[in-house]
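Novice: Sequence:
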Amino acid sequence: MNIGTLKANAEGVHIGRITTLTFSATVALRAFESTNERAPKFDLMALSADRRSWVKIGALWEYSSNETGECFLSGQIDDPSLSAPIPVAMFQQNDGSFNVAWRRSKPKASLDGFGSESEGALPPLTATGDEPASDRSVDSAASSGDGLGESTAPKPAAKPKARESVDA
16 MNIGTLKANA EGVHIGRITT LTFSATVALR AFESTNERAP KFDLMALSAD
66 RRSWVKIGAL WEYSSNETGE CFLSGQIDDP SLSAPIPVAM FQQNDGSFNV
116 AWRRSKPKAS LDGFGSESEG ALPPLTATGD EPASDRSVDS AASSGDGLGE
166 STAPKPAAKP KARESVDA
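With our numbering applied, the sequence shown corresponds to residues 16 to 183, in that order.
The reader is advised that the hints may include incorrect statements.
To be verified - Ranges of calculated distance between the beta carbons of each label pair, as one might list FRET restraints:
no., residue 1, residue 2, range
1, TRP76, THR37, 57 to 65 Å
2, LEU62, LYS121, 29 to 37 Å
3, MET16, GLU52, 28 to 36 Å
4, SER63, ALA23, 48 to 56 Å
5, CYS86, THR50, 15 to 23 Å
6, ASP93, GLU48, 15 to 23 Å
7, THR50, LYS123, 28 to 36 Å
8, ARG53, GLU165, 34 to 42 Å
9, CYS86, SER120, 19 to 27 Å
10, THR167, ARG119, 54 to 62 Å
11, ARG119, ASN81, 17 to 25 Å
12, ASN109, THR41, 50 to 58 Å
Hint data in this document are derived by calculation from the structure and do not stem from the laboratory. Ideal placement from N, C-alpha and C gives every residue a C-beta, glycine not left out.
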């Protein structure tokens, strides 16, 4: 879902607006200078409420699509006024402007075959690991004591009884 657009001004700085139901700000991209290849490409700056300064509200990294090779910017908008960061992606258009897109995070996918009834699923985990759970009886679990198996430690020696003191 598009939540904003940034266009280059006369100085070549991309400025625009990002608006959602709970967040609305004039924003700009500021190039991030670093020799670290893992550093963000841009700081995402928002115009302060008094319109006197810019405040950093996020950072954007450059990525390329595995399918198309198209480059895009990805990061988050974060501010103390927000209940949670807003994940955003910016896609450059033919005219040089950026469309700002947001989409709700998807829950992380489970590993294929784990905990599912699909083909290739793992068998149920058993107490001993060598027999299916259905082959074990309830009595065998109860008769094994505390479930820890036989101990190889020697039994503790019996303590001698304490002598009673007699008043003379």
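Novice: So, for every hint listed, does it hold in this structure?
Specialist: Structure-based check of each hint:
1. TRP76 to THR37: 57 to 65 Å: Hint violated: Cβ distance 25 Å, outside 57 to 65 Å.
2. LEU62 to LYS121: 29 to 37 Å: holds (32 Å)
3. MET16 to GLU52: 28 to 36 Å: At roughly 31 Å between Cβ atoms, GLU52 and MET16 fall inside 28 to 36 Å, so the hint holds.
4. SER63 to ALA23: 48 to 56 Å: violated (22 Å)
5. CYS86 to THR50: 15 to 23 Å: holds (20 Å)
6. ASP93 to GLU48: 15 to 23 Å: Taking Cβ atoms as reference, ASP93 and GLU48 lie about 21 Å apart, which means the hint holds.
7. THR50 to LYS123: 28 to 36 Å: holds (33 Å)
8. ARG53 to GLU165: 34 to 42 Å: Violated, since ARG53 and GLU165 (Cβ atoms, about 55 Å apart) do not stay within the stated range.
9. CYS86 to SER120: 19 to 27 Å: Since CYS86 and SER120 have Cβ atoms about 22 Å apart, the given range 19 to 27 Å holds.
10. THR167 to ARG119: 54 to 62 Å: With Cβ atoms ~56 Å apart, the hint holds.
11. ARG119 to ASN81: 17 to 25 Å: Holds: the Cβ-Cβ distance is about 21 Å, inside 17 to 25 Å.
12. ASN109 to THR41: 50 to 58 Å: Because 24 Å falls outside the window, the suggested range is violated.
Violated hints, listed in ascending order, are 1, 4, 8 and 12; each of the other numbered hints is respected by the structure.
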